[in-house]
Amino acid sequence: MHRRAVMLAGIATTAAAVVVLTSCSSGGSGESADGDVTIEFAQWWEPELPDGEFRALIDDFEAANPGITVDLVSGPYASTKEQLFAGAASGTMPDVVGLDGAWVNDFASQGVIADLSTLMADSGYDDSELASQVQVDGKTYMIPVVNFVYPMFTNDDLLAQAGIDAPPSTRSEFADAAEKVSALGDDASGWVLPLSLEAPNGVQNDVMSWVWASGGSMLADGQPDLTNDDVTSATEFIGDLWDSGAIASGSFTMKEQDKVEEFTNGRVGMMIDSLAHINLIRETNPDLKFSISAIPAEDDYTGERGIPYASWGIGVAENSEHKDAAFKLVSYLMSEETNSKLSTMANAFPGNTKSVPEFVADDDLFATAFEIYKAGYPANEFTGLPVAEELMRQFGEQFQAALDGQQSIPDALEKAQTAWTAEF
Amino acid sequence: MTMRSLTAPDTETLVTGVPAAKKRRHLRRAAESYGFLAPTLILLFVLMIVPIVMVISYSFQDRAIMGSSTDLVGFDNYVAILTDPGFWKATGNTLIFTVTSVAAHLVLGLTFAMLLNSPLISAVPRAIFRAIYVLPWLFTAAVIAVLWRMLLAPNGIINFLLDSNIEWLASPQLALGTVTFINIWAGYPFFMVSLLAGLQGIPQDLNEAARVDGASSVQRFWNVTIPQLRPIIISLLLLDLIWTSQQFALIWMTTGGGPIDVTEVLSTYTYKLAFANYDFAQAATSAVLVLLMSMVLAVFYVRHQKARD
Chain A
10 MHRRAVMLAG IATTAAAVVV LTSCSSGGSG ESADGDVTIE FAQWWEPELP
60 DGEFRALIDD FEAANPGITV DLVSGPYAST KEQLFAGAAS GTMPDVVGLD
110 GAWVNDFASQ GVIADLSTLM ADSGYDDSEL ASQVQVDGKT YMIPVVNFVY
160 PMFTNDDLLA QAGIDAPPST RSEFADAAEK VSALGDDASG WVLPLSLEAP
210 NGVQNDVMSW VWASGGSMLA DGQPDLTNDD VTSATEFIGD LWDSGAIASG
260 SFTMKEQDKV EEFTNGRVGM MIDSLAHINL IRETNPDLKF SISAIPAEDD
310 YTGERGIPYA SWGIGVAENS EHKDAAFKLV SYLMSEETNS KLSTMANAFP
360 GNTKSVPEFV ADDDLFATAF EIYKAGYPAN EFTGLPVAEE LMRQFGEQFQ
410 AALDGQQSIP DALEKAQTAW TAEF
Chain B
7 MTMRSLTAPD TETLVTGVPA AKKRRHLRRA AESYGFLAPT LILLFVLMIV
57 PIVMVISYSF QDRAIMGSST DLVGFDNYVA ILTDPGFWKA TGNTLIFTVT
107 SVAAHLVLGL TFAMLLNSPL ISAVPRAIFR AIYVLPWLFT AAVIAVLWRM
157 LLAPNGIINF LLDSNIEWLA SPQLALGTVT FINIWAGYPF FMVSLLAGLQ
207 GIPQDLNEAA RVDGASSVQR FWNVTIPQLR PIIISLLLLD LIWTSQQFAL
257 IWMTTGGGPI DVTEVLSTYT YKLAFANYDF AQAATSAVLV LLMSMVLAVF
307 YVRHQKARD
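Protein chains in written order, with my numbering: chain A, 10 to 433; chain B, 7 to 315.
Because the hints were derived from the structure by calculation, they are not lab data. From a predicted model like this one, the values you see are computed outputs, not experimental measurements. C-beta atoms are modelled at their ideal positions from N, C-alpha and C, and glycine is treated no differently. Keep in mind that the hints are not guaranteed to be accurate.
To be verified - One side only, chain B facing chain A, incomplete, derived with CB under 8 Å:
#, residue
1, P178
2, N229
3, G264
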């Protein structure tokens, strides 16, 4: 009896050890005896798309590529990011990965994502249709699948109440409109500026966007250049808006979704936001009348305006044993037809220059946004930078201290410049 | 019998004086014990010892995890973290957040426990109060964070009721106090439930005897109730100090360590090093320092538990 118990305990122990060890070493993908392969594709896209539509797109891929099965690993953006970084550390990254431009430099320098330039060359892929490629040291590591641009949204009713009959197109007009809307009272504010340090992308989309809209840059020769005239002018413009009380309360802990909520509830006159939220705003508040315009530029600026964008990027894991199959999936998603479908369902602009999303023809707001997009140039200088999110956070901390009156804006820029330089 | 007579003499018995059969029995008994303990020991090893040793080893490396090759850098990471003003700011905030939270948890928990234990309240209201008071404990940190973010928003219910426009979480002057308040709200029921159990275990005779001796209610509280509850209170305080000093989710989801750095605590500081800066070596160093600080509390806790036994 005792001996049997010991034996059972031993078997249980061995089984537990085997389970633990195999789960540690498994990469998640595999090849069956008949040569069929299963590849994992981790992304945060599926939860953000209408139910079942992304899976249907992948089903089409599987039908067109017998022998390849795609295992979708879907989760929210933040958990996908953590999962990928954990997978990178343990060498168990899924074969195909959804990427944000802010992660690319870190993954590439760690050697955990594959050089797509080589994969493209090996498979004879023609990259001339790709709208853009994210490179590190001259090699492509990420292909933007779809792009979400961030134009200015204006609440037409609030602006009209404040006596403004057209969306502002210069900084002076914007400041004037913002102050007039704030003066309406009833919790109304001219502009909403999210500066949360938990998700610091407000620095990219709502602060640096002012620099890019006037053709400025926060970099010089690829290195931080935060104390230049363009950045100083844009941040001081925001500082003046802050001092005049034209910015909605709660900025320092506000996140992107809070910003959208404030606008959707009709409490702010203007915001800079992703086109991806148009349908959400319409569904949540069908009575809200709003327009889309280019982000205002400096008063005397006549050049092309940079328009911030964020991408759903794609890459292949270096540890993937099925890079060929993985790249087939990449090229399928970047094909003219599939990319059109995906950009339509995501309300985003396609990563393939030949693809045309249906909403451009069906919807005035998207048509306007497409015009703004074509008239300017997509700008996101954080893409491809090392520790991009941390750079945003470091800037956000200094900028918050300046807005709070603890230091001047030039001092904040100087300190942020020092912090950034240490990261490069 | 015949077989036994044919067996060779037990040389081991001759040398050691311990019969081989007896020794085998000892060995088998020991093997049995370890056989039963083995699953737990292996899990303990895999889930606790290995990760802790790995984290400690990362703290002595450069570019741990993220680099294709790493170098041993001795105590460089410790020097870097201990000379970083951000670490000390986070330590100070952690101290304020923890001590205030734990003290308030105790006071509130004891107050509500005594209320629920009072004979002045009948059974039905007591059950209602108990359900209401224990509610915060039923919510996860994520729900608590979302709930209070909405309540405390500049356009939220609290400001509506106060007819004000206070930025409770976004103001550098108020944020630490506000997250501490939320943590107090979220954590007092643990004290309340534990102390209520303790109060119900105090023999009525003690209070009766004190009353006969002429002790007032305040005297009975300090000289009967508190001494009876002391072992529970000390255990709760030590456990809560350890838990609260490592609170992460609530702070991360309400303020993200901001505004500026006023709610930065050691857990958010460490998280940012790892998942925003991708500096897992320094994050491991910070984690080891937090571990050492927690160990001090853990030693007190274990000593206290031993003393009770």
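Structure-based check of all given hints:
no.	hint	verdict
1	P178	holds (5 Å)
2	N229	violated (47 Å)
3	G264	holds (4 Å)
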